[in-house]
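Respectively, the protein sequence lines represent chains U and E.
Mind the numbering: the first sequence is residues 34 to 468 in this note's numbering, read in order.
Mind the numbering: the second sequence is residues 34 to 468 in this note's numbering, read in order.
None of these hints come from the bench; they were simulated from the model.
Mixed in with the good hints there might be a few duds.
To be verified - Computed far set for chain U versus chain E, every beta-carbon distance over 10 angstroms:
1) E108
2) G112
3) G116
4) R122
5) I163
6) D164
7) R225
8) A323
9) P353
10) D394
Stated by the list, open to error - Some chain E residues close to chain U (C-beta under 10 angstroms, calculated; not the full set):
11) H99
12) G112
13) D164
Using N, Cα and C, we set each Cβ at its ideal position, and we do this for glycine too.
Protein chains: 2
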Amino acid sequence: MASPHTHRVVILGGGFAGLHAARGLARSAVSITLIDRQNHHTFQPLLYQVATAMLSPANIAAPIRHILASQRNAEVVMGDVTGIDADSRTVHLADGGAVPYDTLIVATGATHSYFGHEQWAAHAPGLKTIDDALQIRRKFLLAFESAERASDDASRRAALTFVVIGAGPTGVELAGAMSEISRSALHHDFRRIDTTTARVVLIEAQDRVLATYPYAASVRALKDLGALGVEVMLESRAVEIDARGVTVVGARIPEPYRIDAGNVIWAAGVKASPIAASLGVPLDPAGRVAVEPDLSVPGHPDIFVAGDLARIDDQRTGSPVPGVAPAAMQMGDHVARLIAARARRSASGAARHPAPFRYKDKGTLATIGRNRAVACVFGGVHSGFIAWLFWALLHVVYLIGFRNRMLTMLEWAWAYVTFSRGARLITGMPKDTPS
Amino acid sequence: MASPHTHRVVILGGGFAGLHAARGLARSAVSITLIDRQNHHTFQPLLYQVATAMLSPANIAAPIRHILASQRNAEVVMGDVTGIDADSRTVHLADGGAVPYDTLIVATGATHSYFGHEQWAAHAPGLKTIDDALQIRRKFLLAFESAERASDDASRRAALTFVVIGAGPTGVELAGAMSEISRSALHHDFRRIDTTTARVVLIEAQDRVLATYPYAASVRALKDLGALGVEVMLESRAVEIDARGVTVVGARIPEPYRIDAGNVIWAAGVKASPIAASLGVPLDPAGRVAVEPDLSVPGHPDIFVAGDLARIDDQRTGSPVPGVAPAAMQMGDHVARLIAARARRSASGAARHPAPFRYKDKGTLATIGRNRAVACVFGGVHSGFIAWLFWALLHVVYLIGFRNRMLTMLEWAWAYVTFSRGARLITGMPKDTPS
């Protein structure tokens, strides 16, 4: 517990931004309290591999306490933040607890947005947490079981139809993996169905996939998706989602098009964590906080926002810094540096000169299936196996904790060699769930 | 699908008995349908390691379809069996399906029995499935989170008290692992609580732990449990279990003894799968089928029972064959041999001479913590690190599928070297569960 004179830094969220902020303050004379609803940090860029039964949850997640175990100035609280009281400098928790702070870092990220159609959530789960991934994995695997038992062609076809809405990196990677696992790993396990006939449809409102990537990457990704058997519908959007499928309208479709599908996955909309609203400052339409150049909240120099929740323009390009893992890490690092400098200055009595955040775009990557990827790095767009290898190495290096790194590498190597999927367990069936 | 002339073997249950029966018929001219409620085979002897966050579910489970993928005379159905109609030789499924058989193998195993106190199930989960293990893991890990946030000593102590009821192999292994993980792996992760003060109480109705093992093994296991800090209460039983703890009475306790505990785990009673009742034959008090010497059901030579559901005496010792994995495997093998022989004879027209089942007791093993185990093999009782190593190798060798074997070995080696627990994720929180 902090002595009365120690500067108290409270961090909300144990994602990339929150963890980088905590670690960046390891040598500062501050006391850190990191609060997260989950007990674990999740390596979100690989969630789709849990959802498609390639990796186990433990391969891409690690307990936050364990990551920070040796950082003696940090403590971790598993708790649900219900509000921020900026006047009294207090964070309120769902269990009634109140945590006071001197400096607050809000890094609670983003969740899915169904653009006002919240009733779609029940039929089209999104992919933000381990539990989301396990739910999608269960539904994905059950689809083949249900197709194997189907008594008529129409229900068999519907069970084997998978619709992914949104062709950003998550949607592209999910659709590619689902199509590939159907065509390869599952092929020999069934007797009555031909899993290679599974239909994967990727629906995108814009006129290209990976719309935030360079144009050449979109072209290449579209080609790779086609090679894996994914049907891509561009300039299209869902107007109805229910338990039996999706209705799509689009610029290239003369009339509303119905897809009977047992599985619909939502990879389209993102909205900021609702906790931002309790700050009482203006939010952008996605609910993000338009922060000052140093990532502090306007009018609240003692509150910073880092990660997906922050809305800030890239000073170099003028466009918004994207909601990707490297940006979140850089923001966490930046905030930690500012707070560490303040702590040193407050000891020496010097004035405050906050440095603005500068996003370093190290390139973008997306993988499509076993050995296809697009990498926008080193000033060009690369594709194919070399890009895939680059992608794999980069992700493994970034995975937090050596243990996960080693096991993830092995799982991948094994899946690559044998082309089977190890984590193909259907767990958490609703009837077995404790109420 | 079977041609009209192929002998149809239907197997209920993809545990050790069912899988061994299916594999034993791989070269026979029969068609096999294996039906299981789960999509995966679970290596039950290691479930307690999933429940204590040492292994991931995928390390000890594999899709049944995948295990039987290359056996072309076998198909797998994921389905819930609701009844057996022995007259019409049909198995009924919950989805309305009916599966006809010529020979039936019932290998649906056993589940927990609360001895008529079914209301205890909500407070004291048992450990039979992967979902059970994940539920126990979640509650076990949440106990430390709740203790870290506790505002008073009494609730902190209750959160850090774990009661295991039943000191058979599962109870002994669970209690040992829980005490050890509290004292080692979790020790550095918390700031406000001392996890080494966690209290693990093991309650057993008989006068020794591992009552079915040789006496020397019980003595050694009791000593090892003590060394790990487990409190063992012998000749005691629970008379009340609620959300706040357990009340115990016993020969060595003058009056009912209350233990306030956030976690109670049930490892005491076992009752046979209810499907046996639909056979219309006499069952023993635990619901098992008293089978003929060849494992067939009295009056039904076309129905066999294998595994934990079968009640049969060991011809050598006169005592019942125990409900352990090696016995289930041997029964599955035996039934497969009988059916294969019948199939050959029906081709040649020879008469039927069913061989009786003979249980080969290859010894019993239990592990208590990181490097303690008792092994009753080669005519003696062995203990300590050598017994542990023997236990570890044996279990890894038995694990189905090379991939699991390799990863399990690595997880163990890693946990052994670093003394941390990798799978320490709290997932499946009730609020995130789809309704």
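Taking the hints in turn, this is what the structure says about them:
{"no.": "1", "hint": "E108", "result": "violated (4 angstroms)"}
{"no.": "2", "hint": "G112", "result": "violated (7 angstroms)"}
{"no.": "3", "hint": "G116", "result": "holds (18 angstroms)"}
{"no.": "4", "hint": "R122", "result": "holds (20 angstroms)"}
{"no.": "5", "hint": "I163", "result": "violated (5 angstroms)"}
{"no.": "6", "hint": "D164", "result": "violated (4 angstroms)"}
{"no.": "7", "hint": "R225", "result": "violated (7 angstroms)"}
{"no.": "8", "hint": "A323", "result": "holds (30 angstroms)"}
{"no.": "9", "hint": "P353", "result": "holds (30 angstroms)"}
{"no.": "10", "hint": "D394", "result": "holds (32 angstroms)"}
{"no.": "11", "hint": "H99", "result": "holds (6 angstroms)"}
{"no.": "12", "hint": "G112", "result": "holds (7 angstroms)"}
{"no.": "13", "hint": "D164", "result": "holds (4 angstroms)"}
In this structure, the earlier hints numbered 1, 2, 5, 6, 7 are contradicted, and the remaining ones agree with it.
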